[in-house]
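Q: Sequence:
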Amino acid sequence: MLDELRNPEYTGENRCWPCTVLNAIILLSACAGVTKLYPGTRTRRLGVASAVGIVGGAAIALRGYLVPGTPQIAPKLAARLSPKPQPPAETGSLAGEPDEDVGERALSALLDADIVHAVGESLHLGEGFRTDWRDEMTALRSGNLGAAVRNASPSLVTTESVNDDEYIVVTTEGDEIENERWLSRPVAIAEVAATRALDEYDIDSDVRVQSASALRAFLNDCPVCDAPLEVTSADNCCGSGTSSPLAPPDEVLACPDCDQRVFTF
Numbered sequence: 015m016l017d018e019l020r021n022p023e024y025t026g027e028n029r030c031w032p033c034t035v036l037n038a039i040i041l042l043s044a045c046a047g048v049t050k051l052y053p054g055t056r057t058r059r060l061g062v063a064s065a066v067g068i069v070g071g072a073a074i075a076l077r078g079y080l081v082p083g084t085p086q087i088a089p090k091l092a093a094r095l096s097p098k099p100q101p102p103a104e105t106g107s108l109a110g111e112p113d114e115d116v117g118e119r120a121l122s123a124l125l126d127a128d129i130v131h132a133v134g135e136s137l138h139l140g141e142g143f144r145t146d147w148r149d150e151m152t153a154l155r156s157g158n159l160g161a162a163v164r165n166a167s168p169s170l171v172t173t174e175s176v177n178d179d180e181y182i183v184v185t186t187e188g189d190e191i192e193n194e195r196w197l198s199r200p201v202a203i204a205e206v207a208a209t210r211a212l213d214e215y216d217i218d219s220d221v222r223v224q225s226a227s228a229l230r231a232f233l234n235d236c237p238v239c240d241a242p243l244e245v246t247s248a249d250n251c252c253g254s255g256t257s258s259p260l261a262p263p264d265e266v267l268a269c270p271d272c273d274q275r276v277f278t279f
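So the mapping is simple: the working numbering equals the position in the sequence shown, first residue as 1, plus 14.
No lab work stands behind these hints, which were simulated from the structure alone. Zero decoy hints are in this set.
Per label pair, the in silico range of CB-to-CB distance: (1) A231 <-> G142: 13 to 21 Å; (2) E27 <-> G134: 34 to 42 Å; (3) D115 <-> D235: 26 to 34 Å; (4) D235 <-> A75: 40 to 48 Å; (5) D149 <-> D271: 20 to 28 Å; (6) G54 <-> S169: 50 to 58 Å; (7) A75 <-> L137: 43 to 51 Å; (8) V62 <-> D179: 49 to 57 Å; (9) D115 <-> S64: 49 to 57 Å; (10) A231 <-> N21: 27 to 35 Å; (11) R155 <-> L42: 44 to 52 Å; (12) D220 <-> E244: 29 to 37 Å.
Since the model is a prediction, treat every value here as computed from it, not as a measurement. By construction, the Cβ of each residue, glycine as well, lies at the ideal position given by its N, Cα and C atoms.
I would like the entire structure built from these sequences, with the hints used as guidance.
A: If you want it as structure tokens, here you go:
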């Protein structure tokens, strides 16, 4: 029965400790509130508080959390409060969360512009665009990457460089933690450079941003150090980070020298 109640996504090896700590604090606060505010005798209040503590503790132990939504918020809150902010397991993108319809629109635009070519069942990046893209990446390495990210996507509200410019943290709807996206330096350079190289083509600005995310799959060399990229599993690069704890590790395109993934297939 316990196995049926257990949520493997947030327990065992996949337990998020910032989430566990946050939920434990919430539970302790609730128990303290019951002992002071619940009507009745002191004995009754202590009994109710104990029941709340037992049920809440069991929920945290079996499910990984007590309050819905904390698995998404707690890691970002811990990163915000940490002396050295900790990035999420998987890097973000200027394009935001993946959307199948938008992705198909971006791919169609790249094919129509002759940037990407279909050869049989395979897609290949045109060498002319690859050269222009690489030139833009090289130029971005020594510039103000945070400002370049902000200019590349007008929808961004804030951008901030953290961890010695290793990441660019961006928000789209104010400074709320849940609206943050962490772009690793290789991803930020690759996507901003792609939007700049796409300026020469008749592609809408919003589609350029979406296309920049998809184009990372065609990278051969690291945007930061020029080391050859390798197709590997998430288990072998930069931590685990699978789409599901029960699924096999994600296949990723990663830089072995920077220990950073640049694309998740």
